[in-house]
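Peer 1: Turn these sequences into a full structure, and let the hints steer you where they fit.
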Amino acid sequence: MNWLIYLYPMYSMLMNCSKGLLLLFLVGCATTPSAVYEGLPISQVQPETSPEVSLPETMAFSEREYPSFDIPIVVNQEVDNFIRYFQKQHRKHFVRWLSRSSRYIPVMKEILSEHGLPTDLVYLAMIESGFNHQAQSWAHAVGPWQFIRGTAKRYGLKTNWWIDERRDPIKSTVAAAQYLRDLYDMFDSWFLAAAGYNAGENKIKRAIQRHKTQDFWEMTRYRYLKRETKQYIPKLIATVLIAKNPEKYGFIDVEYKDPWAFDLVVVNRPVDLRKAASALDVSFEDLKYLNPELQRWCTPPDVEEYTLRIPEGKKETFLTHYDAIVPKEKTIFHVHKITSGDTLYRIARKYGTNIDPIMELNKIKSARLLRPGNYLIIPVAAQRLRET
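All residue numbers for the sequence shown refer to numbering that gives the first Met the number 0, where the first residue is 0 and numbers rise by one.
You may find that some hints are simply not true.
Simulated restraints, written as ranges between beta carbons of each label pair [what the hints assert, rightly or not]:
(1) R345 / N159: 25 to 31 Å
(2) D214 / Q135: 31 to 37 Å
(3) S98 / D262: 50 to 56 Å
(4) L368 / H92: 37 to 43 Å
(5) D252 / Q208: 45 to 51 Å
(6) G115 / Q86: 39 to 45 Å
The calculated DSS-like cross-link candidates involving lysine-lysine, where the alpha carbons are at most 27 Å apart (straight line), are [to be verified]:
(7) K157 / K274
(8) K336 / K314
(9) K108 / K256
Since the hints were derived computationally from the structure, they do not count as laboratory data. Glycine included, each C-beta is placed from N, C-alpha and C at the ideal position.
Peer 2: Encoded structure:
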């Protein structure tokens, strides 16, 4: 299949010429999705218009570099505006994005390839979150691929008190790959699939019906799509162009992170991450960073087994200290609703535990601060819970 790269002359050139120039080059295929800056939704982005790219540079670029892309590349004024925005106003953010990209791109590309998708789609995670698994947008989209709860549930990502799999770089990439495949099957266009990722598939379906076209660029001429969605494809293309050749665009000061590396261990009881970190001689933060889906201080207590990531080379140490890390008796964390007359002593006695772990887990500084109607998390031995 051939793709088209449209090279539009800059506005200033059109003003100085008696007629416009349109250059078309044949190339490969395509893909894309939705954008949230670190704390700044794309709808608020105002890239500076800057018609400075010369036509000879653009032509040289297309002939030499386009075979390296596996998504459609369109070079026009909108794309150029975002390139210059990333080079100037948003440069510090983009450097951080590039720095983190080397940590996750290898594993994410592998997943995309396994699902038969163009691997350049990995840069969707870059414009979505800057490869930040803690990213959360104003619309409550979470993780590197910015899933909202509804879409996350549809594609098998669990979100509860203990875990949020939207934050996991591997699990969320699998879900994103499945979603993108469904969108492409729906629209038979990577640009529309990307727009659907941003605006929702129903919005794009209605745009197709309303404007009688399946050409993304044609749709942008009308008011129906939000500016965020209209800018989404140019932003993605600009990101791909820079990220795959950063030196050309002036990003020579990037300190790339090492690729994500870890060992896996399977545990059959809840593991206190602080105890595990101490036994492995690593920081709690380092262990938590490898397991970003974990919302609390330990692995989920309500599963038969849990696969935990630990620093590479630490598996033997973990197994050696397994008995010290993993309690012999399974602990269940019970949710207790405080009622009138409850005291920490009475609650602890009811569940066969001590006051100290209750205060620590619930960050209670004073026993007098209990309020009826609030909830406490109580660590309870499984056998004891069955007796209550």
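Peer 1: Each hint: holds or not?
Peer 2: Here is how each hint holds up against the structure:
For R345 and N159, the hinted distance range of 25 to 31 Å is satisfied, since their beta carbons lie about 29 Å from each other. For the pair D214 and Q135, the beta carbons lie near 34 Å from each other, so the given range of 31 to 37 Å is met. For S98 and D262, the hinted distance range of 50 to 56 Å is not satisfied, since their beta carbons lie about 24 Å from each other. With their beta carbons about 41 Å apart, L368 and H92 fall inside the hinted range of 37 to 43 Å.
Checked against the hint of 45 to 51 Å, the C-beta distance between D252 and Q208 comes to roughly 48 Å, which is consistent with it. Separated by about 34 Å at the C-beta atoms, G115 and Q86 break the suggested range of 39 to 45 Å. Distance hint between K157 and K274 is fulfilled; the C-alpha atoms sit about 25 Å from each other, no more than 27 Å. About 39 Å separates the Cα atoms of K336 and K314, which puts this hinted pair outside 27 Å; it is violated.
Between K108 and K256 the CA atoms are separated by roughly 16 Å; this keeps the pair inside 27 Å, and the hint holds.
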